[in-house]
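Asks: Please work from the sequences and hints to get the whole structure.
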Amino acid sequence: MPFRSILFLALLLTPFAPCAAQSDSKTPAPEPAAPAEADPSAERRATLLADLHALEAESKELLKPIDAASAKAELAAAAWTLDRAWAEALLREALVLTFPAEVDRARLRDRPIGAPLVFGPAEDRARGRVRRRVYEIARRDREFARELGETEAREMGKVEEVSTLTAMASAAAEEGRLEEAGELILRAAESEPTLVSVGDTINQVALHDRALADRLALSYIERLRRLPLGVFTERNQTALRLPLSFALLLRPDNYPFPDGKTAPAAGREVVRAYVSFIVDTMTRIEQSGGDLTQMNVFITTVWPNMMQYAPEYAGQLAALERASRRQGQAAPPLRTFNELKTAYDPDRRYEERVKTARQTKDPLQLEVAASAAMSRNEFEEARKLIALMQDGDTKTRLAEEVNTKESLYLLGKGDLAGAERLARQLNSVADITHAFPPLVRRLAKDGDAGRAALLADEAGRLLRAAAEKSNSNDSFIPTALAPLAGAVRIYKQSRALEGMSEVALAVEPIAPQSALDLIDALVETAAKARVTSELGNPNFNPEAFARLSARDAGRVRSAAARLEDRLQRIAALAAVARAEAERLEKEGKKKKATP
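If you're matching positions, the sequence shown starts at 90 in the numbering used here and goes up one per residue.
Hints in this document: simulated from the structure, not taken from any laboratory.
None of the values given here were measured: they were computed from a predicted structure.
There's no promise every hint is true.
As the list claims (entries may be wrong) - Pairwise CB distance ranges, derived in the manner of DEER restraints:
id : residue 1 : residue 2 : range
1  : Glu182    : Arg640    : 29 to 35 Å
2  : Ala650    : Glu212    : 27 to 33 Å
3  : Asp342    : Glu613    : 45 to 51 Å
4  : Gly217    : Glu375    : 36 to 42 Å
5  : Arg198    : Glu150    : 30 to 36 Å
6  : Gly417    : Asp230    : 30 to 36 Å
7  : Thr372    : Arg229    : 45 to 51 Å
8  : Glu401    : Glu182    : 55 to 61 Å
9  : Glu182    : Ala408    : 54 to 60 Å
From the three backbone atoms N, C-alpha and C, an ideal C-beta is built for every residue, glycine too.
Replies: As structure tokens, this is what we get:
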């Protein structure tokens, strides 16, 4: 029966309500149903998504693939809680855009285990930075991150795969996800175990769990045992990288991380397993008639560890050392740790270096000696050595560096007044960026809003003046590394915007108005000093825009929109959108949790 007929029949069968003439009681007419209340959160999410799609459309105007990749990554970070499928699609596109040309990828894929590493142009390192950002976002979903990693491995080869896996493992270890870090490390070891980053990342785990790190080290050694003997006999970089990797792994106290932390030493079982691996591998090579010379260095570097934990191998290792010497090579000194300490007394070597520098007044000797003095926190000695140098850029930069390092040293000792006094003497963007943010963070932590705000304002003034004076990157490159300056210094422009964003983040918790002023100063400096994005880097930390949007969203969004460089503007506006999307996500979870 047609719907209209059914409806008509239903109306006929429904009893009529009495009219006013039939009854004294009045039945009010039913009130119209109220329209469903609009969800402001849903509306805001829809608006944010529309804004992000508009930014994606604008990003198509970016001509360089690396810039487009960077923009897509920041848009994906903002869209992650709004439209996961779209965010993942953006990250897939961003990853592919970081790949070099196919002819270069083919060479990377064909590189055998142990092959020499070839450092490409600065753009390769910039691509790596954008890829790390892609994985930083993607690792919120382990399976999706694994998918991206498999794509990269297929396209870029083992070295890039290990670089990505160890970076992800390091981040997981730092965040306390140790089992995940271990899985990533073992995948890296399976791919290309001769790379130094494998051992170094195991030490990252050891900072939190030495027993787990030892189990990973034992699995790592077992992976090495499965390698073809040719990896250890051919003239490649295995003999350079593996001994260094295990030097880091067995005695991490000799190689502190950049923040000064050191992991406990590897356990006895790990040392014995490594010594056994060396003996067994060299014995197999000898029995097969192979060339042992490439493995000679393994013995000299492991000898003191062997003498401490596996002295019963001394006879075998000594015989293998003799068999692996090149013709005419002198017998190397095989020493225990105590003998090494006596033979290479660091205090005596330092004193000799300083003495030689003072006597010769050789510029390079003075520079190296001054750097050695700084590494020992002997700052006055460093200044005396620098004073002996001829006037010039190197002398000026070393004088800045000693002030920066002493400022950070005094900060660590709790002498905030001394640290501040030295920080205020700095002029270079690189040194201001190193010294001011940690000092401001400490003042904020101590609740000293006034000093934190004053110091943040001073940092902004100094950075702006330095950028307007020179648009170039003034990071100091030691003379010994000058031939590699192009590879060491990826970005050519001033790092002033980066410094401003880091100071803003440092001061925001206690003096948000100063932080907001720094955001405005950043935008003005970008325009006046012509500091633009570069190789996919907006040249500032977008997190400053994200964090400060919680303080004054309108002001921060307006500042972001005033950025003239397209990638800078997209990165900043995406950061503002990301912060709001994450706030909406938290509010939604809170409402669901509230009964």
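Asks: Indicate, hint by hint, whether the structure satisfies it.
Replies: So, going through the hints one by one against the coordinates:
1. Glu182 to Arg640: 29 to 35 Å: The hint (29 to 35 Å, Cβ to Cβ) holds, given that glutamate 182 and arginine 640 are roughly 33 Å apart.
2. Ala650 to Glu212: 27 to 33 Å: holds (29 Å)
3. Asp342 to Glu613: 45 to 51 Å: Given a distance of about 47 Å, which is inside 45 to 51 Å, the answer is holds.
4. Gly217 to Glu375: 36 to 42 Å: holds (40 Å)
5. Arg198 to Glu150: 30 to 36 Å: holds (32 Å)
6. Gly417 to Asp230: 30 to 36 Å: violated (58 Å)
7. Thr372 to Arg229: 45 to 51 Å: Given about 48 Å between the Cβ atoms, the range holds.
8. Glu401 to Glu182: 55 to 61 Å: holds (58 Å)
9. Glu182 to Ala408: 54 to 60 Å: About 58 Å separates the Cβ atoms of glutamate 182 and alanine 408, which means 54 to 60 Å holds.
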